[in-house]
Structures are given as C-alpha cells and as structure tokens.
Amino acid sequence: MDQLINGLYGIPVAGLIFQAVGYIVDQLPFLSHAAVAISIPIIFAALCGVVCERSGVVNIGLEGIMLTAAFVGWVVGVVATQFLGHGDPTPLFGFTLPLIIALVSAVAAGMLLSLLHAWLAISVRADQIISGTIINIIALGLTGYLISLISQSSPKGAGSFTPLAIPQNVANLPVVGWLINAVFNQGPIAISAIVLTVVLQILLFRSRWGLRTRSVGEHPKAAETVGIDVVKLRYRNVVAGGALAALGGAYLSMELTNSFQPGMTQGRGFIGLAAMIVGRWTPLGAFGAAVLFGSAQAISSSITFAPPTGSLGDFMNQVPPQLFDALPYLVTIIILAGLIGRSTPPAADGQPYSREAAT
Amino acid sequence: MSVAQPPDRSLSGRIRAAWGIVALPLLSILLALIVGALVMILSAPIAGKPVDLGLPLTAYGALFQGSVGNFDAIIGTLRTTAPLLLAGLGIGLGFKAGLFNIGAQGQFLIGGIASIAFAQLVHDMDPLIAIPFALLGGILGGALWAFIPGVLKATRGAHEVVTTIMMNYIALSTLSYLASGPLKLPLSPQPVTAGVGNAALPILLGRDGHLGILIAFLVVPLVWFLLYRTTRGFEIRAVGANPDAARYAGMKPRRLIILTMSIAGGLAGLAGAGNILGVNHQMSASFSTTVGFDAITVALLGRSNPVGIVFASLLLGAMRAGAPLMQIEAGVPVELVDVVQAIILLFLVANAVLRRFFRLRGVSANLGTTETMTATYGSEAIR
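Protein chains in written order, with the working numbering: chain A, 1 to 359; chain B, 1 to 383.
Hints listed in this document are in silico derivations from the structure and should not be mistaken for laboratory results. Among the clues, some could well be false.
[To be verified] Here's a subset of chain B near chain A, in silico, CB distances under 8 angstroms, partners left out: (1) SER176; (2) VAL353; (3) LEU354.
These figures come from a predicted structure and were not determined experimentally. For each residue, glycine too, the CB sits at the ideal point set by N, CA and C.
Generate coordinates for the entire structure from the input sequences, incorporating the hints supplied.
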C-alpha cells in the first residue's frame, strides 16, 4: 500500500495533485475543525444578510455592526471584570457573569447600530448602500478612536468562552468523529450559529413571519394591501439581523480570541454577503457557501502550521505565502463571479418603500 | 417634482442658488465638529483624564494650527490633499455612472507599487522621461485593479461593492509580496522596496510641495471637461441616471461601466504614484494609508462634482495634516478625524431630517446620481 502511494506521488504533476489530496486527507481532523471555526463569523454575517434582504433592505453595514459588537463585547467584558472579578466559569462553555453581561451588551450594540441603518434605509429612504458604508465608516472610526484611548492603560480582558469538550475516543473516530469534533468542539456562540441556521431555514419557509418577510421583499405593495405593515416588518428584520451580525462580531473577540484589534473583522462581513448571494438568499445555502469560504482559509492556515513535506512541500515553498493570505478573497471573487448569474435577489431588494409612491 | 424654473440671474438669486448647494455640506461639517467635541469631552475619562470642557478648543486649535497655521503647514495640507483629490475624483466619476468604487484603497496601493516598479526600470534615465513613465505605471496599475471589478460587474453582475473590497485585501497581499520579493531593496533586513531614483518628483514649493500636488489640481479641469463637455461624459452620466434608457438610446452600458471603473482606478493609481514618487520614495510591505476611505467621504461631500471635490478634499486634507499636532498638544488620538468624517457623512445622508429641522427651503439634497447603485445590487449581468 505504502509502495503504491509512493509510486503515485512520484508521477510528475499528477503526483503533486495526489500529494495535495493526501495532505488534505491527512489534515482533515484539523482542517474540518478550523474550517467551521473560521466560517462562524461569515455564517452570522450571511444570516444577517438573508434576514435583511429577504425583507428588501440591503445591509452592507453588517461589517461595521460586527466590528462594533466585537469591540463592545470586549470592552464591557473588561469593565465588568474590574467590578465583578472573574468569577467561577461554569464547567460547560465557561460562562462567567462578566462574559454574559459582555455578550448581551455586544448584541444590544449591534441592534442599536442596525436600528440606525434601518432608520436611514426605511424612514429617511437614503440610498441603502451609502447608508451601510457610513455605518462601516462610523464603526471603524469610533472603535479605532476608543481603542487607542483605552489601550493606553493596557486593560485585562474578561477571558473567552470555552469549547464543548468532546471525549478523545469519540473525536478520534475516523470521519464521523472528526465531523462531530469539527461541529461540536466549539464554543456556545459557534454552536448557536449552526442551530440558528437550521431554525431560520425553517422559519423563513414554514412560518407566518417567513411568508410575510418574503412577500415584503418581493412585492411590498401587494403585502401592504393584504394588511402587512411593511415598514414595521422591515425595521424588525433589520434589527434582528443586527443581533445576528453582532453575535458574529462577539464570536471574534470573545470566543475565537479574547482581544480586540482595530478593524479585526477584516472584510468578513463582505465575504458573508458574497456567501449569501452564492447561497441564493437561503440560510442553509448561505451556510454552505460560508463553510466553503472558511475552508479556503483553513487550508491556508493549515499550510502555515503544518507545512506539507516531500515534493509537494518543495513546490509549496516556491509559492509566495502572501498568496495564501489572499486566498479567501480570491475565492470569494471567483465564486461570486461564477455563480451570481444563476441566483436572483428578492425583487424589492434595496428599494425604499413609500406607501404613497406609485410603483 | 417641481416644475423647472428659468435660472434667476440677479445677484440675490445667484447667492440663493449658491447657498442651496453649500448649505447642507457646511451644516453637516459644523454639526460633525460639535459632535466630535462631545465625543472628545465624554471619552476623556476612558484614558483616565478628568472631564475638561476646554479640551475641544485646545484640540481644534491644534488641528487648525497644524493644518493652516503657517506656510509649511499649508504646504503639508496640500500634500495630504493631493491624493484625496485624485482618488475622490475617481470615486465621484463612478458615482456619476451609478458605480460605488470602494476599491480606491487597493487601487492607490497598486498604483504606488506599480510606479515603483516602473521607476526602477528607468531610475537612471533623465527625469523628463523617468517621471512620466513612473506616473504612467501608477495609472496603469490602478486602472488594472479597477478594470477587474468593472469587467465582473459588466459581464457577470458581481456587485462592485463586494468585489472592490475583496480587491483591497488582495492588494495588501500583492504589495506585501512585491515589497518582500521582486522589488525588495537588496540586502535590506526589512521588507521594503528600493527607491525610485530619477523618477522622484521635484520639490516646487517650500519644504515638501512636490510636483504631484500641481498635477492633482491640473487633473480637476480634465475630469470636469470629460464629464460635462464630451460625448463619453454624457454617456457616463446617462448610464448612471438610467442604464435601460441609455441602452435604448444606443449606448453600451457594459463598455461604459468598464471604462468608468478603469478611469476611476487610474485616478486612484495616479494618487498612489504621486504620493510615492513625491513623498515616500519607497514602500514597505506593511504600508498603510487612509486615502481610500477618506476619498469616499470626499466624493460624497463634494457631491461627485469636480469643483465640490476640490473643496471637500482640502477640508479632509487639512484634517489629516493637522491631526498629529492635535494628538501631541491635546492628547486626542488622530482617529478623531475618522469619527468626525463619519458624522459628516451621517448628517449628509440624513439630510431630509436636517432640512426639516433647520427649515432649509430650496436647498437641494441630491447626493449625485447614487440612486441606481442599490438598484443594480445583486442583479443579473447588465445587458
């Protein structure tokens, strides 16, 4: 068997591909876990996009909402720890009182900021892309300004949530164990992303709220004539979407790491929007696309931590490492350009609604 | 919709018309400075300082001093204005065509690194050859970086807001690769490019008033002429106002979108080239700038109009140039400029509210032809 594999690896060019496949299979336990962990903020962003855009509001401000939530979560954690101390973390997920207060504040901040977007987009009827961009600039500016004030006193963070422990013998099971490990060896925010995806998929296509949301996003006038309050529903959806994006931001500063850096969302909100488009504005589709983007990044981080050996390793050494940094963004552009023609947005997406205006 | 009236040619009529254009931007700037002052006062305790009501006066005083306080400061302001002006013109041009180019950041970086690459080819030639050649490199680099999202938008319908942001991140990696690989200064321990040799822009005025500043201001009439006095400019504006109507009138929206994006990228690339050849003379792998995002503010504040963009870029340029002195003298982080900028934009967009609150009548709210931007979002490829 080993001889066969070595023989296959020796073939020029095709051998490299065999080695790459072999490397990925070798790294699967790590890769699958990293792919899920990296995908979580993208999933939240995409879910936020689905909830907003299905009701007809484009929200490109979700990048800024995530950044703000990441910042608020971290800072409130710092302050709460100063007043309440660290406390004993619960054995499951490592909940402490400061962390819970911080998480709630992060979600509230995200909802508040998306309320601003809702007001600009729905009531003021500003251009929604401009409005979203302004949300992004406000978030980047305000968090950058405040963090440079705060970091002068180099404060101590509240720590972070801990992953669910999977028994080693389960996690080591081939394939099934890796999958269980990838999905469930995660913190509470990450697991809630997976749960929320399924819940939203069911709600959007099987509940009264879902039907109303979709009808408002497709034809608000018709929805209004059957008694749906378009403005109220859009407000609710945008604010609820803000809570989802905020969870994605809180995940970055309270679960994946326990720190905040200026601009730490690094375009994940926009990648989430691309995932939403590729996933055809459905929660499950967006989830799948987000995991695809996450996998691209997981492979690049796996190559950094466990460089491949043999002729594949020699080949990889010639590839500049910056290419791997750019990989998630390249993949996003390529997939977006390749698939977009086949997915259609909600008909009233991005159009401000006015009861009086003729359509 | 009100009925179009013949323009009032009397002096008071002209003053009223001018007020109608500048009232909202001026009011937004004033209110943003007030909000900025509140942010300063309220955030002082975070850094462990007492609440000081005089802090905004000290800070804004230093900001003023640092931007227009003396001759060198004014030149410094012009120096930071030049790239904002060029990139802002590019973004404004995009707005006219209904395109939101958030990628000026990446186009600026690629323009800068491309100008270094071109400069190294001709570094020992006569400056009369080397300078135009290196500037051309910057224009081409920026144009290429915007051409890609332009093509994707025109042929595949991929919205430029997402693709240009992705291109910004790819530009960072590209810059890092070039500055630590092919263009690296030999034997340097740091990843930094070699210099630009004879392609360095000459200093014309004061300590650092380089040729690039003059070039930036000379581009303004060119862009104005393109937009308002050429057929292509008319087509660009027509596509922005209504792509369907433009197509029925025989124009080619696809080609115009690619063309407009490329010109916008070329302008941002020229901004990068001017800044690198005139100020930095080299780029490190971690070169960072705020030009790309400031230029969005510039274009919105200047209402996509070349003349308005001149004034908006001067304001933002002054704020950027004066901010370091504000940090030194008042202890207010330079990031306050970002906050003020964001609040200006917020008031501009919420203009309907401002107009009602301050009872401004006859003041136009129009932010350029930005309405079609969201309309093309996520849609299928443009026919």
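Hint check results:
{"no.": "1", "hint": "SER176", "result": "holds, 5 angstroms"}
{"no.": "2", "hint": "VAL353", "result": "holds, 7 angstroms"}
{"no.": "3", "hint": "LEU354", "result": "violated, 10 angstroms"}
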